[in-house]
Amino acid sequence: MANALFYLMAAGAVAAALGVVLAKSPIQCVLSLLASFFCLATIYLLAGFQFLAAAQILVYAGAIMVLFLFVIMLLNLGNPSSKDGAEDGLFRRKGAFLSVIVAAATMAAGAMAVTADGLAPATQPMPEHGIDTINGLAGEMFGRYLLPFEAISILLLATAVAVVVLAKRDRKDAGKGS
Amino acid sequence: MTVPVEHLFILSAILFAIGTAGFFLRRNVIIVLMSIELMLNAANLAFLAASRMHTLEAGATEASLQGPLFAIFVIVVAAVEAAVGLALVIALYRNQQTVDLEQVTALKN
Numbered sequence: 001m002a003n004a005l006f007y008l009m010a011a012g013a014v015a016a017a018l019g020v021v022l023a024k025s026p027i028q029c030v031l032s033l034l035a036s037f038f039c040l041a042t043i044y045l046l047a048g049f050q051f052l053a054a055a056q057i058l059v060y061a062g063a064i065m066v067l068f069l070f071v072i073m074l075l076n077l078g079n080p081s082s083k084d085g086a087e088d089g090l091f092r093r094k095g096a097f098l099s100v101i102v103a104a105a106t107m108a109a110g111a112m113a114v115t116a117d118g119l120a121p122a123t124q125p126m127p128e129h130g131i132d133t134i135n136g137l138a139g140e141m142f143g144r145y146l147l148p149f150e151a152i153s154i155l156l157l158a159t160a161v162a163v164v165v166l167a168k169r170d171r172k173d174a175g176k177g178s
Numbered sequence: 001m002t003v004p005v006e007h008l009f010i011l012s013a014i015l016f017a018i019g020t021a022g023f024f025l026r027r028n029v030i031i032v033l034m035s036i037e038l039m040l041n042a043a044n045l046a047f048l049a050a051s052r053m054h055t056l057e058a059g060a061t062e063a064s065l066q067g068p069l070f071a072i073f074v075i076v077v078a079a080v081e082a083a084v085g086l087a088l089v090i091a092l093y094r095n096q097q098t099v100d101l102e103q104v105t106a107l108k109n
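Chains A and B are the protein sequences, given in the same order.
Oh and the first sequence: position 47 is 47 in my numbering, straight run, nothing missing.
Oh and the second sequence: position 73 is 73 in my numbering, straight run, nothing missing.
In short, the hints are calculated from the structure, not lab data.
Be aware that one or more of the hints could be misleading.
Facing chain A, a subset of chain B residues (Cβ under 7 Å, in silico) [stated by the list, open to error]:
hint, residue
1, I30
2, L38
3, R52
4, L65
5, A71
6, Y93
Each residue gets a CB set at the ideal place from its N, CA and C atoms; glycine is no exception.
Put together the whole structure using the sequences plus the hints.
Written as structure tokens, this is what we have:
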């Protein structure tokens, strides 16, 4: 039952990811990405990562997607044919070769992961309360990983300041209005 | 769930490959940013698959927590990247009235 759900969600995640790359309208891309995130959150849950599944929904689906939707609607990009790029198609031709190379390399790495020895059999028992208990995560994060935690806090603060500076109008433009 | 951990790695590789293709192929800056999110998600899945593998190898007595921790850090970095990237998109649109990468050639040559 759980296995069938995993394969269903894996197929859903791949289909939604393809939707992100292939859809015409940016709004369709955002909704596909949202579906992909939900499928992945289900997979995290099935694999024993409750907290990460919750964080995935909250941060990705809740915060980041709203940011994307907000910008698309702010810039009025929802209709693909209204603006530039409609006549030349959605894709850049120059990137095709590079993307084929990188995708092939990634798939080769995945195939190597399959054939590698020593991967654990899946039939062993899992920890009772999942792998990423809040208790264990907090112990590591505020113990051994305190310095990365502080660094990432500073990164977040710097980003908040940087985004305000970037998105703010230039001062000389502010007087002109609109 | 008794799915072998290899299948998680394969799913991660497929999602990363799709994200790469979107990154190199799409012309819309916002969709390129979404492809980056897709790739970061695939990396997260690989972290968690490795954590699951090590936990199962240890006989499930001790959870391997490095994977989830780095996945949390990746989520934070993804949020930061989305915020900065979208601010740049807004600044770009304000200056050039376009989000088409083919038309943004100010740094070319």
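Cross-check of the supplied hints:
For I30(B), the interface hint holds, since its Cβ comes within 7 Å of a Cβ in chain A; the closest pair sits about 6 Å apart. Look at L38(B): its Cβ gets to within about 6 Å of chain A, closer than 7 Å, so that hint holds up. A hinted interface residue such as R52(B) counts as satisfied when its beta carbon comes closer than 7 Å to some beta carbon of chain A; here the least separation is about 5 Å, so the hint holds. Annotation: interface hint on L65(B) holds; nearest CB of chain A at approximately 5 Å, less than 7 Å.
Below 7 Å, beta-carbon pairs count as interface contacts, and A71(B) has one with chain A at about 6 Å; its hint therefore holds. Look at Y93(B): its Cβ gets to within about 5 Å of chain A, closer than 7 Å, so that hint holds up.
Comparing the model with each numbered hint stated earlier shows that all of them hold.
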